[in-house]
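Peer 1: Letter by letter, the chains look like this.
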Amino acid sequence: MKNERIYQVVTVKEVRVENPTSRSLICAVELPDAQPGQFVMAWLPGVGEKPFSVAYSNPLTITVAAVGPFSQALCRLQPGACLWVRGPLGQGFQPAGKRHLMIGGGYGAAPLLFLARQAIEKGQHVCACLGARSQQELVLIEEFRSVGCEVRICTEDGSCGEKGLVTQITDRAMRDFHPDSLYACGPRPMLLAVLELSRRKRIPAQLSWEALLRCGIGLCGSCELDQEARCQADLPAGWLVCKDGPVSSFYPQ
Amino acid sequence: MNRPSADLACSIAGLKLRNPLVLASGVLGTSPTLLERVARSGAGAVTSKSCGPEPRAGHPNPVALPWGGGVINAVGLTNPGIEQEVPLLIEARQILRAVGVPLIASIFAPTLDDFGRMAAGINQAQPDLIEVNISCPNVGDEFGKPFSASADTAAAVTRLVRQHTSIPFSVKLSPNVTDIAQIAAAVEAEGAHAITAINTVPGMLIDAYAAQPVLSNRVGGLSGWSIKPLALRCVAEIYRAVRIPIIGTGGVSCGLDAAEMIMAGAAALGVGAAVYQRGVEVFAQISEELRDFMTQQGYQDLENMRGIALK
Numbered sequence: 002m003k004n005e006r007i008y009q010v011v012t013v014k015e016v017r018v019e020n021p022t023s024r025s026l027i028c029a030v031e032l033p034d035a036q037p038g039q040f041v042m043a044w045l046p047g048v049g050e051k052p053f054s055v056a057y058s059n060p061l062t063i064t065v066a067a068v069g070p071f072s073q074a075l076c077r078l079q080p081g082a083c084l085w086v087r088g089p090l091g092q093g094f095q096p097a098g099k100r101h102l103m104i105g106g107g108y109g110a111a112p113l114l115f116l117a118r119q120a121i122e123k124g125q126h127v128c129a130c131l132g133a134r135s136q137q138e139l140v141l142i143e144e145f146r147s148v149g150c151e152v153r154i155c156t157e158d159g160s161c162g163e164k165g166l167v168t169q170i171t172d173r174a175m176r177d178f179h180p181d182s183l184y185a186c187g188p189r190p191m192l193l194a195v196l197e198l199s200r201r202k203r204i205p206a207q208l209s210w211e212a213l214l215r216c217g218i219g220l221c222g223s224c225e226l227d228q229e230a231r232c233q234a235d236l237p238a239g240w241l242v243c244k245d246g247p248v249s250s251f252y253p254q
Numbered sequence: 007m008n009r010p011s012a013d014l015a016c017s018i019a020g021l022k023l024r025n026p027l028v029l030a031s032g033v034l035g036t037s038p039t040l041l042e043r044v045a046r047s048g049a050g051a052v053t054s055k056s057c058g059p060e061p062r063a064g065h066p067n068p069v070a071l072p073w074g075g076g077v078i079n080a081v082g083l084t085n086p087g088i089e090q091e092v093p094l095l096i097e098a099r100q101i102l103r104a105v106g107v108p109l110i111a112s113i114f115a116p117t118l119d120d121f122g123r124m125a126a127g128i129n130q131a132q133p134d135l136i137e138v139n140i141s142c143p144n145v146g147d148e149f150g151k152p153f154s155a156s157a158d159t160a161a162a163v164t165r166l167v168r169q170h171t172s173i174p175f176s177v178k179l180s181p182n183v184t185d186i187a188q189i190a191a192a193v194e195a196e197g198a199h200a201i202t203a204i205n206t207v208p209g210m211l212i213d214a215y216a217a218q219p220v221l222s223n224r225v226g227g228l229s230g231w232s233i234k235p236l237a238l239r240c241v242a243e244i245y246r247a248v249r250i251p252i253i254g255t256g257g258v259s260c261g262l263d264a265a266e267m268i269m270a271g272a273a274a275l276g277v278g279a280a281v282y283q284r285g286v287e288v289f290a291q292i293s294e295e296l297r298d299f300m301t302q303q304g305y306q307d308l309e310n311m312r313g314i315a316l317k
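Quick note, the sequences are listed as chains A and B, same order.
The first sequence finishes on residue 254 if you use my numbering, and the numbering steps up by one all the way, no holes.
The second sequence finishes on residue 317 if you use my numbering, and the numbering steps up by one all the way, no holes.
Isolated chain B (complex conformation) (with noise of 0.2 Å):
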């Protein structure tokens, strides 16, 4: 029997993403070329390399090295800082436009008070959605602990960005919490219109030879198909504790892994890693993938599909 071909649209936070495969943040988003080029790849949405108020060279290399169970990077958020990264997201936005994919913008800060102001300043490029990058592990040396530490804390970011623009947000977690779900209720009470999770997990790789950490900044975010457990486990917790759609990250690197992140509740899946395994390609095989399945299963769209394994 031919079943009809499974739709893969969806949406979040307003947003129309023809298949629900994001380029999360950190991953070849760090000009409007490199996001253009993975847009007309096949993702749904792209996520730029999340940006502060002031430029940043980042952490010497070693930055990111693959491993037996995906890839550990503390790169150090590189970026050009909020001046010179709105005209680029201008850019990109407009060529994002033309080829029919969503632009997500992603933000840091070291401050608390400098997240409103990079609120304010991401504002002028008028990115789809802002992605509010609470939870970068490989800055804590100057950082301190990430704001996604506590709910108190996530939720004083999410009221601050929520003041100062009228974008729809997404707020990013760590796993590296002991109750994920009680911060995600914080930051959906405070206002956000997403959640994304997860962040890399804190990690931390040593070179038996060298007896020394791999990376120069000794600790970094495992990112990879190891983490798919523990990124499943987080997006269980979150979608149970809140009504807001869920960007899920962490080990989507098949067609299968899309699926299962899809019925442990996520409406849409950041996909970063698989970039390294399988090429730039890896959207329009995922895709592909995830359809097959759906379409071979009875699935008509993702939302039926959607938290169903926690029924």
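Only chain A is shown next, with the shape it has when bound in the complex (with noise of 0.2 Å):
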């Protein structure tokens, strides 16, 4: 008899520090059916399960922002520690064209790295326009330069990069990088104005929304994505971040 495992429990096999709060969990696993925009629930028992992003699948790699109690948990992992993980769950990004910008706002920018490198791989064009509050909440620069995408950075402070907030170096790379698609993850903010970019320039957009995930598996309906949102992003009523997402797909008219 088989006993069908709930959780997979993986093996932290290198952590990575991103930045002083942010660390990648290199696990000593592929995922090989993971596309990138979906993402893990990762459960450390006795502390807490949460949704992340898949930043690469071979090896399964997530990026962890430490903003609660669970992810602080989580940044504190050691090579050689277990994580319980189950998924590839959620509908991620569908590649379009061959020229692509992608948008990024803080750790938002992990599951754009996982997509770039798919996209590179193919021998498409990648243009990768990263922002953050500072140069401390920045994520993964060197990790998308060393894949080979062009990296546009500005933070809204000023401390790396253009200063200001990523729309404004995203409008630009709009007009010189000439994209067929734009694929946006970060805060909420940033997607609709991404949201408004691609209607003004006529240029279909992916967004990956977050939202506060329970079951994970379309059936609590904690992470129905509000009105305001789905109206702006064209999207039916009832719109289930984890289920239906978290990536949906906008196209002008």
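Just so you know, these hints were derived from the structure itself, not from any lab.
Note that CB positions come from ideal geometry on N, CA and C, so glycine has one too.
Among the hints, erroneous ones may be present.
Quick list of simulated restraints, FRET-style, between CB atoms [as the list claims (entries may be wrong)]: (1) Val-68(A) <-> Lys-151(B): 47 to 57 Å; (2) Glu-60(B) <-> Asp-172(A): 43 to 53 Å; (3) Glu-143(A) <-> Glu-89(B): 48 to 58 Å.
Derived contacts from chain A toward chain B, CB cut-off under 7 Å, selection only [to be verified]: (4) Ile-7; (5) Tyr-8; (6) Leu-220.
If you follow the hints, you should be able to join the two separate chains into one complex; please do so.
Peer 2: Encoded structure:
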């Protein structure tokens, strides 16, 4: 008889420090079916369970910003520690075209790195606009560069790259990089601003939404996207971030 | 030979349903928009997530997990409290009337008196049916033994609800009892209009590597295909004991499951965990499969099929 396991126990192989509050946990396992934009639910017994974008599938990598008790516990894990995961879950990005403009806000850069790697492996072009409040909150800049992306950076306080919001440098990249598609992951106001750019320039956009996830499998209803975001993103009523998303597609009229 | 297509319409407690598939409480019933989505996906009726007197956050993650036998959950009665729930249900009811799908409003309460208050409160939303949840298995630490545990307590809740509302109501029973038929009979005697059976089955799953239960609440409710035989047995026992209609719930995920549940005596069918397996399209899919089965087997309508396995 087979014991159908809920979680896969994975060993943390390497912990990469991304910035003072973020770590990438590189696990000693492959998640071959995972697509960029999909997520896993990570469980630490007795501590909690939260969703994390797959930052790479081979080996499984998640990038964690220590924002609460659970993510702090994850960031304290050392190589050799165990982590319980279920997934991949949700709908990921569906790359379209050959010139991809990726817009990442803070740790929202993580799933985009995975997407960028896949596109570059196919010989396509990627420009990544990465922003954060300050240099300390930027993640994965060197990784984007090393896989061969053109990287543009901005911070709200000007401590790294251009001073301002990521949408500023995105606006410019839309003019001089000539993307076929936009892909964005980051805070909600950033996603709404990307939608506006998409609409104005008539370039399709795929957005990865963040929400409070509980079941992660489309049953509990906790992660329904609110009406404002749903209407702006042209999504149907009752759109669930965990099951219908986290990535939504927007085609400007 | 071409037979006429079978009729899936049914009625419970005066409610007319285009098909017998009811969205079970606790699944996707948290907002008017989600209830609408399920209604538009082909459900015959939809049940809102159980609401109590006060807002509740529910249990911390993990709260719901798929496993080989279906789903185990201990969400912990997350709800906004009756005050915020009523306007949401009014909005839902208006949307659903336009779609032609009845709204069932689920209520729970920590004490007997609160059940009376909840029944009175939910009146303002004027749902088509009230479902009285006396059998949530996931709040034992706070609420103690559920009211569904004995005929006396189940009857007491039923009596109080009856006194506080004129809207028809169904009482949702737990399978975790010695004699579910006796409890169903007691609930019927106090004036319930229908019975929903069964609630999830109390259970526990342990991760051997963690050496811990997987749910933060340690125990939870099992739903999905592994509980179907238990649900069929309970529905059959209740069917023999009462005349009021039964919303048969537990492990219905395809047309044949639906047929079996009706043959055990159900008038309508709750569908919950199957939404995980087959998506929200499951309602239209089961309807189609049930209709095909009935047409092929020569059952003209649900009435022809109800309880025939017990004859």
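Peer 1: Are the hints correct? Go through all of them and say.
Peer 2: Status of the hints after comparison with the structure:
1. Val-68(A) <-> Lys-151(B): 47 to 57 Å: At roughly 39 Å between Cβ atoms, Lys-151(B) and Val-68(A) fall outside 47 to 57 Å, so the hint is violated.
2. Glu-60(B) <-> Asp-172(A): 43 to 53 Å: holds (48 Å)
3. Glu-143(A) <-> Glu-89(B): 48 to 58 Å: holds (52 Å)
4. Ile-7: holds (5 Å)
5. Tyr-8: Holds, because the Cβ-Cβ distance from Tyr-8(A) to chain B comes to roughly 6 Å (cut-off 7 Å).
6. Leu-220: holds (5 Å)
Violated hint for the displayed structure: number 1, the only one.
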